[in-house]
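Chemist: Construct the entire structure; sequences and hints are all you get.
Here is how the chains run, residue by residue.
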Amino acid sequence: MFIRNAWYAGAWGHELGTGNMLSRKLLGESVLFFRKSDGTVTALRDRCSHRFAPLSIGRREGDCVRCMYHGLVFDAQGKCIEEPGRKGVSQNTDVRHYPTVERYKLVWIWMGDPARADPDLIPDCHFQDDPAWASDPRYIHYDADYRLILDNLLDFSHLTFVHENTLGGSKKIAEIRPKIEQTPEGVKMTRWYLNEPCVAPYLDGFATFDGPVDRWHVYSLSTLGNVFVMDSGSAPAGTGAPEGHRVPEAMQFVATQIATPEDETHTHFFWTYAHNFRIEDAEFTRMLGDRILAGFLEDKFFIEKQQEMIKEGGAEGMAFILADNGLALGRRLIEQEIAKETASAES
Amino acid sequence: MFIRNAWYAGAWGHELGTGNMLSRKLLGESVLFFRKSDGTVTALRDRCSHRFAPLSIGRREGDCVRCMYHGLVFDAQGKCIEEPGRKGVSQNTDVRHYPTVERYKLVWIWMGDPARADPDLIPDCHFQDDPAWASDPRYIHYDADYRLILDNLLDFSHLTFVHENTLGGSKKIAEIRPKIEQTPEGVKMTRWYLNEPCVAPYLDGFATFDGPVDRWHVYSLSTLGNVFVMDSGSAPAGTGAPEGHRVPEAMQFVATQIATPEDETHTHFFWTYAHNFRIEDAEFTRMLGDRILAGFLEDKFFIEKQQEMIKEGGAEGMAFILADNGLALGRRLIEQEIAKETASAES
Amino acid sequence: MFIRNAWYAGAWGHELGTGNMLSRKLLGESVLFFRKSDGTVTALRDRCSHRFAPLSIGRREGDCVRCMYHGLVFDAQGKCIEEPGRKGVSQNTDVRHYPTVERYKLVWIWMGDPARADPDLIPDCHFQDDPAWASDPRYIHYDADYRLILDNLLDFSHLTFVHENTLGGSKKIAEIRPKIEQTPEGVKMTRWYLNEPCVAPYLDGFATFDGPVDRWHVYSLSTLGNVFVMDSGSAPAGTGAPEGHRVPEAMQFVATQIATPEDETHTHFFWTYAHNFRIEDAEFTRMLGDRILAGFLEDKFFIEKQQEMIKEGGAEGMAFILADNGLALGRRLIEQEIAKETASAES
Numbered sequence: 001m002f003i004r005n006a007w008y009a010g011a012w013g014h015e016l017g018t019g020n021m022l023s024r025k026l027l028g029e030s031v032l033f034f035r036k037s038d039g040t041v042t043a044l045r046d047r048c049s050h051r052f053a054p055l056s057i058g059r060r061e062g063d064c065v066r067c068m069y070h071g072l073v074f075d076a077q078g079k080c081i082e083e084p085g086r087k088g089v090s091q092n093t094d095v096r097h098y099p100t101v102e103r104y105k106l107v108w109i110w111m112g113d114p115a116r117a118d119p120d121l122i123p124d125c126h127f128q129d130d131p132a133w134a135s136d137p138r139y140i141h142y143d144a145d146y147r148l149i150l151d152n153l154l155d156f157s158h159l160t161f162v163h164e165n166t167l168g169g170s171k172k173i174a175e176i177r178p179k180i181e182q183t184p185e186g187v188k189m190t191r192w193y194l195n196e197p198c199v200a201p202y203l204d205g206f207a208t209f210d211g212p213v214d215r216w217h218v219y220s221l222s223t224l225g226n227v228f229v230m231d232s233g234s235a236p237a238g239t240g241a242p243e244g245h246r247v248p249e250a251m252q253f254v255a256t257q258i259a260t261p262e263d264e265t266h267t268h269f270f271w272t273y274a275h276n277f278r279i280e281d282a283e284f285t286r287m288l289g290d291r292i293l294a295g296f297l298e299d300k301f302f303i304e305k306q307q308e309m310i311k312e313g314g315a316e317g318m319a320f321i322l323a324d325n326g327l328a329l330g331r332r333l334i335e336q337e338i339a340k341e342t343a344s345a346e347s
Numbered sequence: 001m002f003i004r005n006a007w008y009a010g011a012w013g014h015e016l017g018t019g020n021m022l023s024r025k026l027l028g029e030s031v032l033f034f035r036k037s038d039g040t041v042t043a044l045r046d047r048c049s050h051r052f053a054p055l056s057i058g059r060r061e062g063d064c065v066r067c068m069y070h071g072l073v074f075d076a077q078g079k080c081i082e083e084p085g086r087k088g089v090s091q092n093t094d095v096r097h098y099p100t101v102e103r104y105k106l107v108w109i110w111m112g113d114p115a116r117a118d119p120d121l122i123p124d125c126h127f128q129d130d131p132a133w134a135s136d137p138r139y140i141h142y143d144a145d146y147r148l149i150l151d152n153l154l155d156f157s158h159l160t161f162v163h164e165n166t167l168g169g170s171k172k173i174a175e176i177r178p179k180i181e182q183t184p185e186g187v188k189m190t191r192w193y194l195n196e197p198c199v200a201p202y203l204d205g206f207a208t209f210d211g212p213v214d215r216w217h218v219y220s221l222s223t224l225g226n227v228f229v230m231d232s233g234s235a236p237a238g239t240g241a242p243e244g245h246r247v248p249e250a251m252q253f254v255a256t257q258i259a260t261p262e263d264e265t266h267t268h269f270f271w272t273y274a275h276n277f278r279i280e281d282a283e284f285t286r287m288l289g290d291r292i293l294a295g296f297l298e299d300k301f302f303i304e305k306q307q308e309m310i311k312e313g314g315a316e317g318m319a320f321i322l323a324d325n326g327l328a329l330g331r332r333l334i335e336q337e338i339a340k341e342t343a344s345a346e347s
Numbered sequence: 001m002f003i004r005n006a007w008y009a010g011a012w013g014h015e016l017g018t019g020n021m022l023s024r025k026l027l028g029e030s031v032l033f034f035r036k037s038d039g040t041v042t043a044l045r046d047r048c049s050h051r052f053a054p055l056s057i058g059r060r061e062g063d064c065v066r067c068m069y070h071g072l073v074f075d076a077q078g079k080c081i082e083e084p085g086r087k088g089v090s091q092n093t094d095v096r097h098y099p100t101v102e103r104y105k106l107v108w109i110w111m112g113d114p115a116r117a118d119p120d121l122i123p124d125c126h127f128q129d130d131p132a133w134a135s136d137p138r139y140i141h142y143d144a145d146y147r148l149i150l151d152n153l154l155d156f157s158h159l160t161f162v163h164e165n166t167l168g169g170s171k172k173i174a175e176i177r178p179k180i181e182q183t184p185e186g187v188k189m190t191r192w193y194l195n196e197p198c199v200a201p202y203l204d205g206f207a208t209f210d211g212p213v214d215r216w217h218v219y220s221l222s223t224l225g226n227v228f229v230m231d232s233g234s235a236p237a238g239t240g241a242p243e244g245h246r247v248p249e250a251m252q253f254v255a256t257q258i259a260t261p262e263d264e265t266h267t268h269f270f271w272t273y274a275h276n277f278r279i280e281d282a283e284f285t286r287m288l289g290d291r292i293l294a295g296f297l298e299d300k301f302f303i304e305k306q307q308e309m310i311k312e313g314g315a316e317g318m319a320f321i322l323a324d325n326g327l328a329l330g331r332r333l334i335e336q337e338i339a340k341e342t343a344s345a346e347s
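Protein chains in written order, with the working numbering: chain A, 1 to 347; chain B, 1 to 347; chain C, 1 to 347.
Heads up, some of the hints might be wrong.
Since the list gives no way to pick one copy over another, a pair counts as held whenever it fits inside one copy or between any two copies.
Said to hold, decoys possible - For lysine-lysine, the following DSS-like pairs were computed, each having C-alpha atoms within a straight-line distance of at most 30 Å:
(1) Lys305 / Lys171
(2) Lys105 / Lys171
(3) Lys25 / Lys305
(4) Lys172 / Lys340
(5) Lys300 / Lys311
(6) Lys305 / Lys36
(7) Lys87 / Lys171
(8) Lys36 / Lys171
(9) Lys172 / Lys79
(10) Lys87 / Lys305
(11) Lys311 / Lys340
(12) Lys171 / Lys79
Rather than coming from a laboratory, the hints here were simulated on the basis of the structure.
Modeler: The following block contains the structure:
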């Protein structure tokens, strides 16, 4: 089950050139994306209304797409405008059109009730294209339920163990209880690790200071769209980072991580790791991204193994530990939203 | 669900040599074919009655087959005639025997009530071995429901699009409504495209005339066995082809296409494309077959994609367009026949 | 369905070194085996109690294992002894511990009620480590229901056919009815083939005598654990083998074959083929094992094909023949035991 009335990241804008078509399964439905001549993106159900051939193996004709099985043509709104061999078209031949908005380098898609698709609801991911920040858009495919990915992000105690030699590097991460807040959008969690002996392994060679460090992770999950934005950083210890002061040596990052369900057990994971220093240095941006990727692949390994165990024996009976307050809140908010949608659909 | 009381093409005769055994799943059941010393073919359930080892991994012993697990021997009628370690045989040890007839280069098999297996019901495919015609026997395996293949054959509007550069080559095919008739066997459809500028691409270099052409497709589906026979051809325009006159330059073909279900979502496709000119020219027959194959692989690509979409979201909700009269009739006749068999089985 | 209250062979002792962890699915559950510092073996559910990550991708810490997802530590009894970030541990965080005993080179595991795990119930497989006998421990993985393997072992008539050129080599095996007895543990079957012209093919070059031979197979199945022990041999004909006399040229073997279910349709097969002559000759032991393996792979081929046929059309309707008394008894005893466990679980 998925929340449907939400903006989901469906594709990176750069995946859509001027002539190509992209087919991607989202929430169990194959969706066709393409960019129109005016530069905007459109999204249709990637399935001809007639005999269900995918439109993505059809042909772009201007801002329309022709199903190359029997030749029906659909405009960018999914309206069937040509049926070979007759004037006009038969009934019920339109294909579903999904509202889309391109923003923050991403194509956002609304899979629920189109009337509710208010662009103002798109979560703020402006760090992805804010000129004061630099990042590379990245993608990982998961053979796992998206909720296992959210669980992972909502319990940073795993950094100590899964990411011992990459993103973690400190026992304190697992020892310190975060501050957890429910927000209008979802969950906010705040952790500070003060006076740690050194920076995390993934920052080796990047730091311009030696000695003890104050580290922080402040992250927010928007349960609509599964968008996770994390403010994190490392500053020389005792230079006022917790109070908001940033000395020039401080390294600050904003990570954006978005888990869009492909189906019940597969997930599209879009992410960036923006930095506001050395922003002109594309090689640095790439190296930083690669180091973060190494850490994220550690997550992927664990999460996909979890999924295998759930396939073996179900998901019932997981023990609840102290570190689970964040993920439990996230799970509860998602369940409530799905229940609300289900109730609304039934009434 | 399949019609069971019908002659299905189970194998090409040439697949059965003097000593080999052929195992092929038909209508969900593994069937063993072999050729007896008198040259006729027999078909048994490819499953020992005892512990269900396939007989096809057993041993031919004359016109019998020995299960090489525990040594039971079955004659060509499936009767168990030897059980090692005892005189006579135990009860219920016979395996199912299916009526077969070898005709038109094919081995036909009757998977339903043997009492109804009248060879006169075998659809006429005589063009496959009529000495006035030449063709190569061909086979394609489909990862798709056989009904999707019939749909394809019953809506030739797809020639314009799927086969734009092979079998089609004319917009008229999609534009002209065929004449559709229900026949005692199933469906007959007739289409003429007069005064087209040139022959279809697959005939490039084969035609002995230039200039405009009259083309036709007259095809008949027998829903018992899913046998499709198509009279098609191309003649110089205005030379009387529609009235039945064939000038020497006219090229006439009879295609036979048979979709035998392997199971619910896989199909055996047996076909020939017979021509009645250059019939001594084996190289021409082969080249013609290869060009037709190129077109049929285009169908396969679309049809298997359709199957994937149906797997994703079911087959409900396909829109009905004007071109669908033929396929809708075919579907209805098959459903009626299955319903009749089901009712008869229950009463 | 499996008998749970039984000792199953879970691993060869040599699979567990001093530092490694072995994950193996048994009766549908992934189990983690490792050897403690005192040399004994322990077995835990290979699934963290918290978020179900496999412990086998965690870390050995002395005799404990740390889940490397969120850092929980479990002792060798499965007790959670550390939860990062708090004193003590949360409730319900222990993982299941299974009783194990290492004996006869095997690690035996009890998947049922631990209170009933009496080591005296372990079937006698002492030939595997008796210094008067030599054998190599071997393993085969089957894509088949374990009961199909037991069926195979309980009907030696298949030796004549499946193993015509390896373990069999005599028509008599299929012709002679064995003596079948129900024992407290399961089933015992006895067969003698007297005055056969020569030894079985797998003994070619191993026999130190020529001419006729008395052969025997006396085998016992313990249905608890699916342990099959077979006394077999070949002696010069007429030298008193049936009466228990063994001349020096007689070759005697004790095979141990154990079918531990992985899940409903996959099986772990542990086996040895012990001989009490040339026991210092490791090369002979290896060659003998390889020849037996060739025969066992013939079984595997047939049994996995049976499984495929059962997948195609179910297991109902197998005919019962005279040779089936042994396997029918084995099946019945297993079914009775499962029914007893089910009834006991429900009451």
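Chemist: All the hints need checking, so say for each whether the structure fits it.
Modeler: Hints, one by one, checked against the model:
Taking CA atoms no more than 30 Å apart as the test, Lys305 paired with Lys171 passes inside one copy only; the shortest distance there is 24 Å, against 51 Å between copies. In this assembly of identical chains, Lys105 and Lys171 lie within 30 Å of each other by CA distance neither inside one copy nor across copies; the values are 36 Å within and 41 Å between. Taking the closest pair of Cα atoms, Lys25 and Lys305 come within 30 Å of each other both inside a single copy (22 Å) and across two copies (14 Å). For the homomeric pair Lys172 and Lys340, neither the shortest alpha-carbon distance inside one copy (38 Å) nor that between copies (52 Å) is at most 30 Å.
Within a single copy, Lys300 and Lys311 get their C-alpha atoms as close as 16 Å, and across copies as close as 27 Å, so both meet the 30 Å cut-off. Taking the closest pair of Cα atoms, Lys305 and Lys36 come within 30 Å of each other only across two copies (25 Å); inside a single copy the shortest separation is 41 Å, beyond that limit. Taking identical chains as interchangeable, the C-alpha atoms of Lys87 and Lys171 lie at most 30 Å apart only when they sit on different chains, with a minimum of 15 Å there against 72 Å within one chain. Proximity of Lys36 to Lys171 under the C-alpha cut-off of 30 Å is restricted to the inter-copy arrangement: shortest distance 26 Å between copies versus 51 Å within a copy.
Only between protomers do Lys172 and Lys79 lie at most 30 Å apart by alpha-carbon distance; the minimum there is 24 Å, versus 57 Å within a single protomer. Taking the shortest alpha-carbon separations for Lys87 and Lys305, only the inter-copy value of 28 Å comes in at or below 30 Å, while the best intra-copy value is 55 Å. Taking CA atoms no more than 30 Å apart as the test, Lys311 paired with Lys340 passes in both settings, with 27 Å inside one copy and 29 Å between copies. Proximity of Lys171 and Lys79 under a CA criterion of 30 Å is satisfied inter-copy only: 22 Å between copies versus 57 Å inside one chain copy.
The earlier numbered hints that this structure contradicts are 2 and 4.
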